[in-house]
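K.L.:
In case you want the letters, here they are:
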Amino acid sequence: MNEFMEAKVALEWHDLKPAYDVVIVGGGGHGLSTAYHLATRHGITKVAVLERSYIGGGNSGRNTTVIRANYGIPEAVRFYQRSVDLFERLEEETGRWMMHATKGILWLIHTEAGIRQERARAAVNRAFGAETDFVTPEEIKRIVPEIDLDAGGGPYPVLGGSYHVKGATARHDRVNWALAEGAMKHGVHIHQRTEATGLQRSAGRVVGVETDRGPVSAGVVVSAVGGHVTRLASMAGVRLPIRTHPLQAFVTNHYARSFHPIVASTDLLFYASQTARGEMLLGAEIDRQPSYSYRSGFEFLSSCAHRAMTLLPFLADLRILRQWTGVCDMSPDYSPIMGYTGVDGFLVTTGWGTWGFKAIPVGGEQMAELIATGSVPDLIAPFALDRFARDRTMADRGSAGTH
Amino acid sequence: MSIRFTCPHCGIRPLEEWVYGEAYSVPDSILDPDERDVDRAYMHNNTEGPVREAWFHLYGCRRWVYMTRDTRIDRML
Numbered sequence: 004m005n006e007f008m009e010a011k012v013a014l015e016w017h018d019l020k021p022a023y024d025v026v027i028v029g030g031g032g033h034g035l036s037t038a039y040h041l042a043t044r045h046g047i048t049k050v051a052v053l054e055r056s057y058i059g060g061g062n063s064g065r066n067t068t069v070i071r072a073n074y075g076i077p078e079a080v081r082f083y084q085r086s087v088d089l090f091e092r093l094e095e096e097t098g099r100w101m102m103h104a105t106k107g108i109l110w111l112i113h114t115e116a117g118i119r120q121e122r123a124r125a126a127v128n129r130a131f132g133a134e135t136d137f138v139t140p141e142e143i144k145r146i147v148p149e150i151d152l153d154a155g156g157g158p159y160p161v162l163g164g165s166y167h168v169k170g171a172t173a174r175h176d177r178v179n180w181a182l183a184e185g186a187m188k189h190g191v192h193i194h195q196r197t198e199a200t201g202l203q204r205s206a207g208r209v210v211g212v213e214t215d216r217g218p219v220s221a222g223v224v225v226s227a228v229g230g231h232v233t234r235l236a237s238m239a240g241v242r243l244p245i246r247t248h249p250l251q252a253f254v255t256n257h258y259a260r261s262f263h264p265i266v267a268s269t270d271l272l273f274y275a276s277q278t279a280r281g282e283m284l285l286g287a288e289i290d291r292q293p294s295y296s297y298r299s300g301f302e303f304l305s306s307c308a309h310r311a312m313t314l315l316p317f318l319a320d321l322r323i324l325r326q327w328t329g330v331c332d333m334s335p336d337y338s339p340i341m342g343y344t345g346v347d348g349f350l351v352t353t354g355w356g357t358w359g360f361k362a363i364p365v366g367g368e369q370m371a372e373l374i375a376t377g378s379v380p381d382l383i384a385p386f387a388l389d390r391f392a393r394d395r396t397m398a399d400r401g402s403a404g405t406h
Numbered sequence: 035m036s037i038r039f040t041c042p043h044c045g046i047r048p049l050e051e052w053v054y055g056e057a058y059s060v061p062d063s064i065l066d067p068d069e070r071d072v073d074r075a076y077m078h079n080n081t082e083g084p085v086r087e088a089w090f091h092l093y094g095c096r097r098w099v100y101m102t103r104d105t106r107i108d109r110m111l
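Top to bottom, those sequences are chains A and B.
If you want my numbering, it's the 1-based position in the first sequence plus 3.
If you want my numbering, it's the 1-based position in the second sequence plus 34.
The shape of chain B in the complex, shown without the other chains:
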């Protein structure tokens, strides 16, 4: 079953219309500026559970939308 995205502009739209836009955050515990750069470039939280992330509605309104998804079940919350 496909993920159902509720776009604030277009209503419920299927996965195929969207481009995954990722969710980055460097932990505050990393203080060294170089280490922060490496973390920003390569490392991931790879969250198990709800995560707030950006999606681009490419074949729709062509706007960035922030949504919360539970990565354990791959469903929008």
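So that you can see chain A by itself, here it is in the shape it has in the complex:
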């Protein structure tokens, strides 16, 4: 966070203390949200968040800010719908404007199989509390007049789609800062430029964190790390089913008209929305090979732009302003991994792949409840790390929208 924003948000920095009840490694959305909920819901305030760079500088500030609950399996719909609800209340609760805007998400399909898939998605969503309807091409044209239903006469005509009414966006930096500010007001210490370099272990238990500013002992260590979680977990002897892939996105110059909904297509592999500045924001699939590189590439720009233009021809008149890359911790079943790790004193919230931002409120709320009560909340029980060894994966690849 720069000096300008620090002056605007009431953040209070402290010296690193030698011991905390809870040490959270990773000052992104999930780390800050966990600290915020520990302090505000459970009165646990001897909490430190360690961030090796600046808060929200990783994927929490690099994502494409979509908030939605239109997932394909009951466990995920329930979980993300809770987050959609919490996001709607977060501005009022924190007193900070986050530019939260409910826009609706249109998920387009172009094949007969896709029609069945989206009808099933709408049914599962309705059954578990998310507002999603199957829509016909005529209804789609009414929602997005700019769309070319024939997709340029190519192999991907729009045959229908699902419309997720509560789909929304919010300004990601403001979410991070508001959570940080709220946590700090209640006494949480946030330490920027403090890198966790190791974990202290005693009798099989994780009892603290080594940092480049000295050791910190902790009752519980929570990894809310994005990108380098495999290395941190290995220090505790925990193996993770994570591969870290780059994900690229770009924005155009501003489109002078209002483009209201978020539009996504799994077959054409892109999604588009309009930012508050009026820019068109586009994203697509993760890079195929895992890496930690933040480098952006021309191949992605040209292929994503080409696919997006087949459905939204007006994009052809816009220019690309900037592109960027984040690194995503992909889990094999495209669902998050939260909770106990099998090592006492060490918890993880990871596997946030390309779906982390939308889960920031609920992820923090549930992790805080787990830490405070010691029992796994129902909402995140299906997402435990041991589901892989138990052969109970939460397969939901079709809902990721980025693969």
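Hints were generated in silico from the structure; no laboratory data involved.
Just so we're clear, the structure is a prediction, and the values are computed from it rather than from any experiment.
Just so it is clear, CB atoms sit at the ideal spot from N, CA and C, and this is done for glycine as well.
Heads up, a few of these hints could be off.
Computed from the model, here is a short list of chain A residues facing chain B with C-beta under 8 Å [said to hold, decoys possible]:
(1) 99
(2) 233
(3) 302
Given chain A, work out where chain B should sit, using these hints.
P.N.:
Using the frame of chain A, we list chain B on its own:
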């Protein structure tokens, strides 16, 4: 910028021609056979740094090639 692959059969070829073939290895420290199976099926080293991995040259010589890539910078070594 794209990764430059030096194929022993085709010379320098772009990323689009290749299929990522992964690199698995179960740590020797895991001894239990069931645990080794779980690790082989799901877990990853997710190496930060040089890693030796397989790539299939689908739109080229259609052969598997082993190469070393630095995952921190996404470049072939």
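K.L.:
Take the hints in turn and mark each one as holding or not.
P.N.:
Now the hints, each set against the structure:
1. 99: violated, 35 Å
2. 233: The hint holds - residue 233 of chain A has a Cβ within 8 Å of chain B, the shortest such distance being about 4 Å.
3. 302: Hint holds; residue 302 of chain A Cβ to chain B Cβ min 6 Å, cut 8 Å.
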